[in-house]
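Undergrad: Please work from the sequences and hints to get the whole structure.
2 protein chains.
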Amino acid sequence: MPDQEHMKKALQAYIDGFNAGDAAAIVALFAEDAVIEDPVGNPPISGHAALTEFYTNAINGGAKLVLDGPIRGSHGNGAAMAFTIEVAAMNLTIRAIDAMTFNDDGKIIEMRAYWGPDDMG
Amino acid sequence: MPDQEHMKKALQAYIDGFNAGDAAAIVALFAEDAVIEDPVGNPPISGHAALTEFYTNAINGGAKLVLDGPIRGSHGNGAAMAFTIEVAAMNLTIRAIDAMTFNDDGKIIEMRAYWGPDDMG
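Chains as they are written, first to last, in this note's numbering: chain F, 1 to 121; chain P, 122 to 242.
Quick caveat, the hints were computed from the structure, so don't treat them as lab data. Please note: incorrect hints may appear among the correct ones.
Which chain P residues face chain F? A few, computed with CB under 7 Å, are given here [said to hold, decoys possible]:
1. 123
2. 125
3. 133
4. 160
5. 190
6. 194
7. 199
8. 203
9. 212
10. 216
11. 218
12. 220
13. 235
14. 236
Mimicking DSBU-like on lysine-lysine, the simulated pairs with C-alpha atoms at most 30 Å apart in a straight line are [to be verified]:
15. 129/P <-> 8/F
16. 8/F <-> 107/F
17. 129/P <-> 228/P
18. 228/P <-> 185/P
19. 130/P <-> 185/P
20. 9/F <-> 64/F
21. 64/F <-> 107/F
22. 9/F <-> 228/P
23. 64/F <-> 228/P
24. 185/P <-> 9/F
25. 8/F <-> 64/F
26. 107/F <-> 9/F
27. 129/P <-> 64/F
This structure is a prediction, so every number in the text was calculated from the model and none was measured. Beta carbons: idealized from backbone N, C-alpha and C, even for Gly.
TA: Here it is as structure tokens:
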């Protein structure tokens, strides 16, 4: 099981990779068979190819991620963070929470993103 | 599927019920067969009797919950919130994120709490 420090660094690297426009750096945090549901309620997507497309599109949309507070760990293989997605060109913000589960290799195996229609402002 | 407003009110009622010392009000938000893992990595507990014991103990420990920001919904049956657990008597704070899944009756069917040893301060 990955330790707390490893998981928190991975979530910070997710934020940093996104803001650097580096989809490959984000996707490298995930296992090849990872499943993401972003947001919860949308059809899950899986696999590095699909994730690369997803994050490339999100980055190209001009979004930046700003942590709302410290990343949380757990007593197990999960970690979570609250953040705000800022899309300056659209004068749009989205408040989100991502919860991630790691595999024994320290890769993210599942990500669930909590944000809905009324979390936008 | 419960609507976003219902889920967010339930999470707010969880906070308010906790701070009012009303374990029954919290437990009433959950389905009888709900499973909670608090924190992730601890053995899950299930059923209203076990949840009542869990929340009664937490309340009796003197903890109060303070939301860190707006509760998040989703495009489906999930909602999440970041908050700080304050235990004044122990001069202790714990930073947590709870992610909840609802059933079609609008009751919480699963709760996963993200906080670990190094989220305490």
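Undergrad: If a hint holds in the structure, say so; if it doesn't, say that too.
TA: Hint-by-hint comparison with the structure:
1. 123: Given a least distance of 12 Å, the restraint on residue 123/P is violated.
2. 125: holds, 5 Å
3. 133: violated, 14 Å
4. 160: It holds, given that the least Cβ distance between residue 160/P and chain F is near 5 Å, below 7 Å.
5. 190: holds, 5 Å
6. 194: holds, 3 Å
7. 199: holds, 4 Å
8. 203: Since the shortest Cβ distance to chain F is 4 Å, the answer is holds.
9. 212: violated, 18 Å
10. 216: holds, 6 Å
11. 218: holds, 4 Å
12. 220: holds, 5 Å
13. 235: With Cβ-Cβ at 4 Å, under 7 Å, it holds.
14. 236: holds, 6 Å
15. 129/P <-> 8/F: holds, 27 Å
16. 8/F <-> 107/F: Distance ~12 Å between residue 8/F and residue 107/F Cα, so the pair holds.
17. 129/P <-> 228/P: Roughly 12 Å separates the two Cα atoms, so the pair holds.
18. 228/P <-> 185/P: holds, 23 Å
19. 130/P <-> 185/P: holds, 18 Å
20. 9/F <-> 64/F: holds, 18 Å
21. 64/F <-> 107/F: Answer holds: residue 64/F to residue 107/F is near 23 Å, not above 30 Å.
22. 9/F <-> 228/P: violated, 34 Å
23. 64/F <-> 228/P: violated, 34 Å
24. 185/P <-> 9/F: Holds - the C-alpha atoms of residue 9/F and residue 185/P are around 29 Å apart, at most 30 Å.
25. 8/F <-> 64/F: holds, 19 Å
26. 107/F <-> 9/F: Within the cut-off at roughly 12 Å; holds.
27. 129/P <-> 64/F: holds, 25 Å
When each numbered hint is compared with the structure, violations occur for hints 1, 3, 9, 22, 23.
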